[in-house]
Every structure is written in C-alpha cells, then in structure tokens.
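So the sequence shown is residues 1 to 657, counted in the numbering used here.
Derived by calculation from the structure, the hints in this document are not laboratory data. Certain hints may be false.
With a straight-line Cα cutoff of 27 Å, these simulated DSS-like cross-link-like pairs (lysine-lysine) come out [unchecked claim]:
no.: 1; residue 1: K96; residue 2: K153
no.: 2; residue 1: K140; residue 2: K96
no.: 3; residue 1: K652; residue 2: K641
no.: 4; residue 1: K626; residue 2: K643
no.: 5; residue 1: K608; residue 2: K643
no.: 6; residue 1: K608; residue 2: K626
no.: 7; residue 1: K140; residue 2: K88
no.: 8; residue 1: K140; residue 2: K153
no.: 9; residue 1: K608; residue 2: K641
no.: 10; residue 1: K652; residue 2: K608
no.: 11; residue 1: K652; residue 2: K626
no.: 12; residue 1: K626; residue 2: K641
no.: 13; residue 1: K153; residue 2: K88
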Amino acid sequence: MPSPNYSTRGGMYGVSGIPHARFGGYISEVGGMGSGSMYNYYLPHYNTLNAQDSPLSIDITMDVASKSTIDVQADVEVTGNITTTNNKLILLLTYKYTDDYTCAVVAYHDENFNLTTIGQTGSFSYSFTYNPDWVLPDLKAVAIVQTFSSNYKIHQAATCGVNGIFSIFSSNIQSGPPQLGVQFYNESYPDTGIVSYEWDFDGDGTWDSTEENPYHLYDTIGTYDVALRISDGIETATTTADDYITVTSTSNISGELSGVWTEAYSPYIIMDDVTLPDGNHLEIGPNVEIHTNNGSKITVEGYFQALGNDRGNIVFTTDNTWSGLYFFNNDFENSLGFAQITGSIDCAIDIYNSRVVVGHNTIYENSTTSQKGPAINVRNTDDVLLEWNLISNNTSTSLCGAISLDNASPLIARNIIVNNQAVYSGAFSMKNASYPELINNTVANNLASYIFYLFSGSNPIVENSIIRNTSDVFINFSSTPYVTYSDVSGGYTGTGNIDENPLFVAPTAGDGPTYNGLTADWGIQETSPCIDAGNPASPHDPDGTIADMGALYYHQNISVDDPEVSDMTIRSYPNPFAAETTISFYSSANLHELGHITIYNIKGEMVKTLELEASDSGYSTVWNGKDNSGNAVSNGIYFYKFKAGDIERTQKLILMR
C-alpha cells in the first residue's frame with residue numbers, strides 16, 4: 001500500500017523507475033539494481049551532502065503519552081539565511097515492519113515554513129493518530145524543511161525515536177449504559193521493567209487500583225477522566241485521558257456492549273444494531289427489560305450470561321420491530337435462562353457455531369419469512385442445550401414454525417412446543433446431517449403440513465416425548481428418525497411407542513397461533529397413558545417413579561414402609577449453578593444407613609458418586625460439575641439421586657456455566 005502523500009511527492013519528483021532515491025531533495029538516483037546493490041550509487045551523493053553546511057538547526061521530540069495520538073514537535077533555529085521560497089516543514093512517522101523491509105512512511109503532515117533570517121526560531125507540532133498495532137521501538141519521527149519550488153532542496157532534517165518511559169493504556173469500550181464494564185489494558189512503554197501501576201478511574205485524584213490491567217464498573221451516568229501512573233523504580237510517567245469514559249442513559253443504546261445490566265436501570269432501550277465483541281462480558285440479571293427497536297439485532301461474540309429466575313424473568317421485546325439475538329462464532333459458555341423473548345421478525349435466538357444453554361425461557365409470538373425457525377435457529381454446532389423452554393405461538397411464512405437445525409445436533413429436552421405455525425413444519429426442520437437428541441418434549445397443536453421436516457441425512461433421536469397433531473408428523477428426505485417410548489399421532493414403529501390421547505390437563509381448543517398455547521396447561525392427568533410409559537432406563541421422575549412421557553411429569557403419591565420417611569428433605573443450592581452446588585439432606589426417619597448421592601446425565605448415564613458428610617442441618621455434599629475422572633461436564637440437565645437402603649429420591653440439577 002502506498003505511503004501517505006505518495007502520489008503528491010511522486011508526481012513532484014517525476015518518479016519513473018524503482019528504486020528512485022532523492023538526496024537532499026534535488027540529487028536523483030534511479031534504477032541501478034542490476035548490480036545487486038545500490039550502495040556504490042548512493043555513497044557519493046551522501047558524501048556530497050554531508051560536506052555541506054545547513055542553514056537550520058532542528059531539535060525533534062516524540063511523545064506517546066496519549067494513547068490516542070503520537071505528538072511530534074520540531075524546534076527550529078535559523079543559523080544561515082534562506083533565500084528559497086515556498087518552503088514547508090514536513091513532519092512524518094516511519095515504521096520498520098521487518099528487518100528486510102527497512103521502513104515506510106506511515107503518517108505525513110506538512111505546513112508552511114516562513115523563517116528565513118539568522119536567529120529566527122519556531123516550534124512546529126502535530127498529533128498523529130496512534131495505531132495500536134505499532135511496536136513503539138520500530139517507530140521514528142522525522143522533521144524536514146524543504147522548498148517546494150525549483151529544485152526541491154532540503155535545507156535540514158532530523159529524526160528521533162522513543163526514549164524514557166511512557167504511560168499508555170487502552171480499554172475494551174469507552175461508552176455505554178450502566179453498569180458499564182470497562183476492562184483497562186496497560187500498554188505502557190517499555191513493556192518490561194515497570195514495577196508499579198496506579199489507576200484513577202474517575203478523575204477525582206484518588207488512585208483506585210494498583211492492578212496492571214484492572215476491570216471497573218461505572219454505574220453513574222456521566223463523563224470520566226482516566227489516569228494511569230507507572231514507575232520503573234526510578235522514573236514515573238502519568239497519562240490522563242480527558243473525558244475518556246462516557247456512561248450514557250439506557251434510553252438510546254447502540255454500538256458495543258459490556259458490563260452488568262440490572263433491574264435498577266431497566267428498561268434498556270436499544271435503538272440500533274449492537275454487538276457484544278469477543279472478549280467483552282455482558283451479564284443481565286432478573287427483572288430486566290430490554291427493548292430492541294428499529295429492526296435491530298443483538299450480536300453476541302463475547303461472554304453472555306442472561307439469567308433471570310422463576311421470580312423475576314428477563315424480558316426481550318420491542319416497541320416496533322427487532323431481529324433477535326445472534327450468537328456468532330462464540331466459544332464462550334453462554335447462558336440464556338428464565339427470559340421472555342417475543343416480537344422478533346427474523347429469529348428470536350439465532351445460534352451459529354457457538355456454545356449456548358437456552359433454558360427455562362418463554363419464546364412466543366416471533367415471526368420469520370426465511371427458512372430459519374422463528375423461535376430458535378441452530379447452525380454448524382453441536383454444543384447447544386435447549387431445555388425447559390415454552391415455545392408457543394410463533395409463525396413462519398416459510399419452512400418451520402419453531403426450531404430449525406442446519407448441520408447441528410443439540411440436546412433438546414423438556415420443552416413444550418405448541419401452537420406454532422408454518423407452511424411445511426409446525427415444530428422442527430432439520431437438514432444437512434443434523435442428529436439432535438429430543439428427550440421428554442411435549443409437541444402439540446402446531447399448524448403446518450407436518451411436524452418434523454427432515455432432509456439431507458438428518459436422523460433425530462426422539463425418546464419419552466409426546467408428539468400430537470392433526471397433521472402428519474414426519475416427512476423424510478434421505479433421513480430416518482429413531483423414535484422410542486413416545487406417544488406419536490398416527491403411531492410410529494419403535495420400542496415403547498404408543499398412539500393414544502395423552503390427556504393433557506387443559507390444552508388449547510385447536511391448532512396454531514389462533515389459540516393461546518401460553519395459557520394452556522400441558523401437564524397430563526392422573527389417567528394419562530403417558531404416566532410411567534417412558535424408557536425404564538431413563539432417570540426416574542422426581543417422585544421416584546418410572547419416567548413419564550412429555551415435558552411435565554405427573555407427580556404420584558408413593559407410600560413407603562416407614563411413614564417417617566415422608567418427613568424428608570433433599571435439595572441443592574444454588575440451582576441452576578455455575579461453579580458448584582451444595583446438595584443437602586435431612587430426615588427425621590431412623591435410617592439404617594446414611595447412603596450416598598449419585599449424579600446422572602439426562603441420558604441416564606452415571607456421572608459422579610458423592611458421599612454425604614454431617615452438617616448443622618443434617619448431611620450435605622458439594623458437586624463441582626466434574627465427573628468421576630475429574631473432567632468438567634457440559635452444561636445441561638442432571639439428576640441427583642439419594643439412596644439409603646430401600647429409600648430413593650431423585651431431583652433435578654441444572655448446570656449453566
């Protein structure tokens with residue numbers, strides 16, 4: 001790429017061949033590379049100029065104390081009369097890219113130079129935009145005084161590099177709503193030998209942190225100066241960036257995101273496309289409302305944790321239109337839980353080559369005109385868990401009414417997928433070798449030609465599920481679903497499958513979004529044929545009985561030999577958990593043996609065995625999310641079973657890192 005101002009100076013010199021060198025601005029040397037070296041051509045010109053007296057003295061300095069600019073100053077004194085006209089002073093930066101490609105001009109500035117008489121002095125300065133990719137020792141500043149008329153003679157030049165220590169910093173973000181999370185990065189020069197760092201985050205004169213790369217949350221709207229003071233044990237250097245951080249209101253959010261969003265500042269109003277960049281964190285807590293307007297999209301490339309709870313959901317909605325959440329090329333362990341997501345006109349949750357747990361959400365009244373699922377679209381990834389979601393009343397004028405998979409094999413468990421509508425598939429479309437596992441889902445009253453649209457070698461595993469509709473269930477193109485222990489309309493070949501009315505408690509009166517699937521009760525009645533009809537090898541229901549079909553089990557009152565066992569409590573906290581959870585047990589019964597806790601995954605495979613220890617409230621143990629081999633297990637649903645003698649109890653755990 002040509003250097004800055006190359007065309008102007010190239011035209012001025014009439015560059016006609018390569019190499020083309022100018023000595024003193026007026027002695028030209030073109031070509032000569034046939035000899036393999038230009039040294040013999042250049043040396044006589046250098047000696048000629050070196051023997052001349054210059055009419056100027058230049059003292060040049062370069063300051064990189066400001067992260068945003070490199071400030072160059074040339075102090076000039078006239079030591080001999082200058083008779084040429086149209087003189088200019090040029091300030092430029094050169095950068096050595098490699099040892100072979102010595103240097104190139106990377107920044108250029110010129111201005112009129114009107115000093116001509118002996119004794120005159122002047123200071124000339126310019127601030128160049130700082131490029132964070134530059135390595136400071138490879139950067140030089142140059143000052144040149146030259147006539148731009150006649151022979152373009154250079155009267156004097158000077159150069160300098162970086163000397164001393166310089167306090168330099170950057171950050172992941174500079175503006176956004178509260179609580180704005182700013183990760184500061186020390187980029188001071190030199191990069192070794194610095195022994196202390198002091199940060200003032202808000203310009204109040206108090207040093208707030210001594211970490212090299214601190215993280216700070218700004219929770220009050222306003223503009224803040226930031227200062228960094230460093231020391232190498234001998235010298236100190238301080239940089240203050242005025243108005244560096246701006247904490248905006250929550251009413252007009254755009255650009256990049258970072259920080260913690262809480263109920264105290266809700267609602268958060270997004271007015272343009274926003275991005276959580278790779279390396280940034282965004283945590284959203286319970287009872288937060290996020291209104292994304294003007295068709296905007298939330299793109300997630302960084303670490304994203306949006307976790308409400310059963311007492312305070314997060315709400316993603318719009319005042320006009322929005323285009324949903326887009327997880328893009330994201331290798332973080334992201335979580336979206338206990339949220340209401342509605343109103344998207346593209347896809348509510350679009351996941352591409354990313355790791356996401358989507359659990360305990362209500363995803364409703366979203367729409368699309370594309371082949372994406374209006375509720376969830378998963379592409380090119382297997383590391384996705386969709387669990388305990390209510391997906392209802394979504395619509396598509398195209399392929400699929402709820403969830404679309406493309407070369408994706410997520411685990412889909414305990415979801416209620418009802419009253420959605422599309423042209424071809426009311427609930428699922430799967431293509432390009434998608435092999436998801438669908439465990440204990442309830443799929444009912446969706447409106448389309450089919451419920452599953454399968455093509456290009458997509459072979460889902462369906463188990464312990466209820467799939468009921470007035471239309472056909474599967475249409476297969478080079479695909480074969482494997483269905484067991486499920487209640488399927490029209491019947492389906494497979495172990496344990498039935499075709500019977502599941503006897504929902506209070507389903508909608510018809511198919512599609514004309515009927516409100518959110519207010520219906522998709523639990524099963526006491527006489528349902530789906531009770532205890534799941535795979536006997538699956539983890540038992542929380543009441544200790546064989547797994548029921550469908551997302552919602554029927555709780556059976558089970559008697560035990562010892563009536564005191566009914567006075568038994570087993571629980572885990574926190575649940576969901578990220579790092580570890582404590583499983584505690586109490587009973588007034590006189591148990592003959594203490595027993596142990598066994599952790600199972602949703603497939604019924606044993607993951608971890610834990611021994612109980614005495615505690616103030618009974619007995620407890622801690623699970624850190626690792627298996628018996630010490631390996632961290634993936635996000636998802638787990639079951640912990642307590643067993644002592646003939647007594648068993650099973651409860652659910654959710655791991656959401």
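Checked hints:
no.: 1; hint: K96 x K153; result: holds, 26 Å
no.: 2; hint: K140 x K96; result: holds, 9 Å
no.: 3; hint: K652 x K641; result: holds, 9 Å
no.: 4; hint: K626 x K643; result: holds, 20 Å
no.: 5; hint: K608 x K643; result: holds, 14 Å
no.: 6; hint: K608 x K626; result: holds, 7 Å
no.: 7; hint: K140 x K88; result: holds, 20 Å
no.: 8; hint: K140 x K153; result: holds, 22 Å
no.: 9; hint: K608 x K641; result: holds, 11 Å
no.: 10; hint: K652 x K608; result: holds, 14 Å
no.: 11; hint: K652 x K626; result: holds, 16 Å
no.: 12; hint: K626 x K641; result: holds, 16 Å
no.: 13; hint: K153 x K88; result: holds, 11 Å
The structure shown violates none of the earlier numbered hints.
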